Structures are given as C-alpha cells and as structure tokens.
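Protein sequences, first through last, are from chains A and B. End of the first sequence = 512 in this note's numbering, gap-free, step of one. End of the second sequence = 112 in this note's numbering, gap-free, step of one.
Just so you know, these hints were derived from the structure itself, not from any lab. A couple of the hints might just be wrong.
Claimed, not checked - Anything over 12 Å on all C-beta distances counts as not near chain A; from chain B, calculated:
1. V38
2. E62
3. A72
Unchecked claim - If you only want the chain A side, here are some residues facing chain B, beta carbon under 8 Å, derived:
4. V138
5. E161
6. G171
None of the values given here were measured: they were computed from a predicted structure. Idealized CB from N, CA, C, for every residue including glycine.
Each chain is listed here by its residues.
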Amino acid sequence: MEQLIVLFVIIPLASAFLIPVVGKLVPYFQKVLTSMVLLALTILIFSYLFSGSEATLIYKVGGWEAVENIPIGIYLVLDGLSAILLLVINFIGLLAAFYAVGYMRRYTAENNFYTLLCLMIAGMNGVVLTGDLFNLYVFLEIAVIASYVLVAFGIEKNELEASFKYQVLGGMASLLILFGIGMIYWLTKTLNIADVAQLLKGNSNTSAVQFTQIVLIAGFGLKGAMIPFHAWLPDAHSSAPSPISAMLSGVLIKAIGIYAILRLFFNMFTISYELALIITVIGTLSMVIGVLLAIGQWDLKRLLAYHSISQMGYVVIGVGMGMMILTKGGEKGVAALAIAGGLFHLMNHAVFKGLLFLNAGAIEYLLGTRNLKKMGGLGKNTPITSASSFSASMAISGIPPFNGFFSKLLIIIAAVKGHFYLLALLAVFVSIITLGSFLKFQRYAFFNKTKFEGRLLAQKIPFTMTFSMVVMAVLCLVMSLMIFPGAREVFLTPAVDVLVNATNYSTTIIGF
Amino acid sequence: MIVFIMCFILFLVGLYGVLTRRNLIKIVIGLTVMEFSVFLFLVLIGYIAHGEAPIIVPGMKEPVFVDPLPQAMVLTAIVIGLATTAMLLSIAIRIYKKYGTWDIREIKNLRG
C-alpha cells in the first residue's frame, strides 16, 4: 500500500497532461478519463479506510532514506486525517466531474476545463498527503493557480473581475505562507514537518516562533476565507461554473485552508493556549458574521458562498475548542468530541454545500438567472432538483435526521461540556438564521406562486446532472450513520486520534 | 542585519503599491515587488559570510559553503511566481478588453 500513495498525485497530473494531447483526437476522451481517474482514486482511498489498518503509511519520494533519523527526501504521509480529506476531495471531485459532462456543454474549450480540474485535484491531493513544508507550498500553488483560471472560465465581466480579486488576495496569501516557511527553515534548518516538530518541541514560545505562527495563520486563513480575510470568497465562488463552485466551496477551502492549519498547528507546532484562543475567535467571527452577511443576498450563489464562510466557522470552532481544552489540560474525551464534531462537519459540509451549488447550477441551466426574485414555481417542473435541494437545505440548517444535525449536535454538546456556553448559544443562534435563510431560498425558487417570466434555456436537465444530485442527496441522509459505532471507527476515530495525540505524528515518522 | 531591513522595506514598497495604486498593471507590479522581497529573504537565510558555491572541487581546503537548499527553493518559487504573474497579466488584459479601462474604480460589478 505504501507504494500506492504516490498514485494520488501522479494519476491526476498525468491525466492533466494527456487530456489536451489526446482529447483533441478522441471524442469524449476527457470526460471518460477524468471520471474514471477520480473513481479509481475514490476506490483506492475507500480500500485504505476499510482495510482497518491504523498504521501511518509513509512513501519516500525518490527512495531517499533517513540518515541517522534525519529525513532527507520528501515524504508523503497518509494517516487518518489525510485519508478523510482525500476521500472528500476525490469523491466530490468525481461527482462534480460527472455533473460537468451535462453542464459544460454550454461552454467551449471542454478540454481545458477537464485539464484544470485534474490539475486542481492533483494539487489538493498533494497538499493533504505531503509531509514536507516546501512541497506543501508547491502543491498548494498548483491547486490555487488552476482554481484562478477556473474562476475566470466564463470570461465575462464578472468572472474576470472576481478572478483578478481572487488572484491578488491569493497571491498575498501565498507570499505570507512562503515567508512563514522561510522563517521555519531559518529557525530549524529543516523542512520536514515531523522533523520541525521534534526540533521546536522545547522552545516553541520564543518570539520568532510566535511571529511565524501568526504569519502562517494569516496566510492559510486567507486561503481558507476566515472572516477578516474573506473578501474574495463570495465573488470567486459565485462567478465560477457551478461544478467548480461546488469544488471550491466544498473542497478547496478545506484542503488548503483548514487542513493546513490543522496539520501545522496540531502536529508541527506545540499548541499554545493563546493560539487556540485566536483560532477559536476567528472561527466564531466567521460563523456569526458570515451568516449575517448572507441574510441580504438575492443572488443564489452569493448566498451559498456566504453560508460557506459561516459553516467553515463551525468546523474551526469545533477544532479550536478541542485545542483550548487540550492546552488547559481538561478532559481528553471532551476535546476529542469537539474535534470529532469539527471534522464530521467538514465532511458533511463538503456534501451538502456541493449539492447546493450543483442545484444552483441546475436552476441556472434551466432559467439562465441566479436572481431569487426572478425565479418561482420551479417545484413542479423540476422535482429532482427541488427534492435534493430540500434535503441539502435541511442538512445545512441542522434538521434531524440529516447529517448536518449530528455534526452540529456534537459541536454544541462539546461546547456545553467544555463550559463554552456562549459558543453553544451562538452555534444554535446561527443555525436558526441559516434555517431562515434557506427557507427563503426554498420558497422563492420552488414553492412560490409567481411564475418565471422569460424563455427557458432548456426543457430538461441532463441525466448526468440529476444523477450527481441524487447521489449527494442520498448521502446527506446516509452520512448521519457515520456517527454510530461501526462506521465511526472507520472514518472519524483515526482522524481524531491524529489530532488529539498530536505528538505521535512526528514520532511515527522520525522513528523514535 | 541591514540587508534584512532593506528586504522588509522592499516588501513594504510592494504592499504600498498594491494598496494605493488604481491601475491594474501597477497592482501586478506591486505584487511582483513583494514577491521578490520574499525571494530575497529566502536567499539571505541560506547565506553564510564568505561562503562559496556548494560545489566540491578537488584540492579544496576547509571550504565554507552557503546553504544550497534555499537557493533550490527560490528557483522553484520563481517559476511559480512566473506562472502567477503571467496569469494575472493575462486576466488584466482581458479585463481591459471588456471594460475599456485599467482603473479599478470603474471595475466594480461585484459588490455586497
């Protein structure tokens, strides 16, 4: 299995190379290849998860063995946390690629679209697998540059403006990350995350380390669109083609923003209370302000984009509370509960927010507008879109028995048990506003009496689009089962273990 | 030490350009200046006083080498920077074709 890890990066990269070369000659090559590649990778990661091996798999690129326990080459590391991220990336990517077969008929240059999608997936897979800081930066740039282009894919006024804004802010974030990596190299003279963790273990409270931590939080916070750094997200996510919006909102901000913060601050730096407090405060701000900004939106995709900020806030407060409990020496069980809630919400959010963006795409495919005020009475015409978006709306607002309810419940229980009563109250409050906001979407789009005035662009939604939406709507229900014993041990427990027993990461890799 | 301060000043010059200029191309230039200040910082952390290029030549006596790893990192980062700059400029040219202006005050379709 160790040898197979590298396939997660190589296969999408190779298909990104093959598509523009072969795709011009063979019809349907790009669509079939992308779907097949992502299906194969999804099966591969499922086989790792269900094999039940708790072991961390390490692949040494180029076969460079460690010399006197000092790692030399680049390591690819697959553990529980990377595994659930890989599952989310490849599975949502598969559904988005399949959806795009029907949706992208409106656009020209389909070859370029699938090439960039494969590049983005290769970059994200690399980010979650790598054990080397500079390698993380390189993969992150691959993913992000592909996403810059995909946001501008429509090349109309709005898309170009959103892409430019995204690129300027994203470029600054990359610079901050590169600067932070340079600082870490200066302090420790190594780039391997596990090795850095060993070297920083005793002296993590010097001002240089704290400065580096703040720089990295700002950099990855910009990439993950936490609230003081969120300005680019609503523009970029609402301007991209819908399958890409689903990938950006559902996967990209998690893989390169939240995942990197989790990996670096749990497994590389020693967690300090002040830092945990900063992360929790950022998460709370995102959760509350994101949903307040979403209230006044009438553009469907902008509304969904603001809700992404708010829902990522839930993930961050779950994890941040876990950090705070761990540093204060509280009960490990409560910390594990909070972190499990955060990670579970991360997976759930990928599914229901992906589905909502696909629904928005289907509505746009039919009507050619995203303005909620102009829609109406779609419930009868499009039963599948209506039903699946209802399931996703209920999931995001936390209504039982959908998956969003269980992850929010875990976070709120952990907040009450850890005596963060204000956070618990805010989480419930934000959930209620979210419900209101999505009832608005349901009413104006599907159950309104007013009819859409104007010409329908298509009579029927293509099969591939409905298929992806139905699969995700079923997942919104089925993923609730992941909280129960049996499924929990497969997905969540290994990932939570990686974060709760944070020092195990470096000892497994270095070997002492 | 003075070199690091110069490097930081270069970073601030770039940041000033990005924040205050109204022209798309000047924003790109500001971003590039910032980028190169970070590259300069990376090269500086690998520098050792009176160090030589890290190539072993027969007959060397107690050579002092500079750290080659930051140099390799900077080379990679420059290539990535090339890609981002090319992408930014091509988008800026497209924006000019659509809006007929370089001024960001007149490019404001997206708000709220």
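Checked hints:
1. The beta carbon of V38 (chain B) is not kept farther than 12 Å from every beta carbon of chain A, the shortest such distance being approximately 5 Å.
2. With a cut of 12 Å on Cβ distances, E62 (chain B) stays outside the contact zone with chain A, its closest approach being about 21 Å.
3. The beta carbon of A72 (chain B) is not kept farther than 12 Å from every beta carbon of chain A, the shortest such distance being approximately 9 Å.
4. A distance limit of 8 Å between C-beta atoms decides the matter here; for V138 (chain A) the minimum to chain B is near 6 Å, and the interface restraint holds.
5. Annotation: interface hint on E161 (chain A) holds; nearest CB of chain B at approximately 6 Å, less than 8 Å.
6. Among the interface hints, the one on G171 (chain A) holds; its C-beta lies about 5 Å from the nearest C-beta in chain B, closer than the 8 Å criterion.
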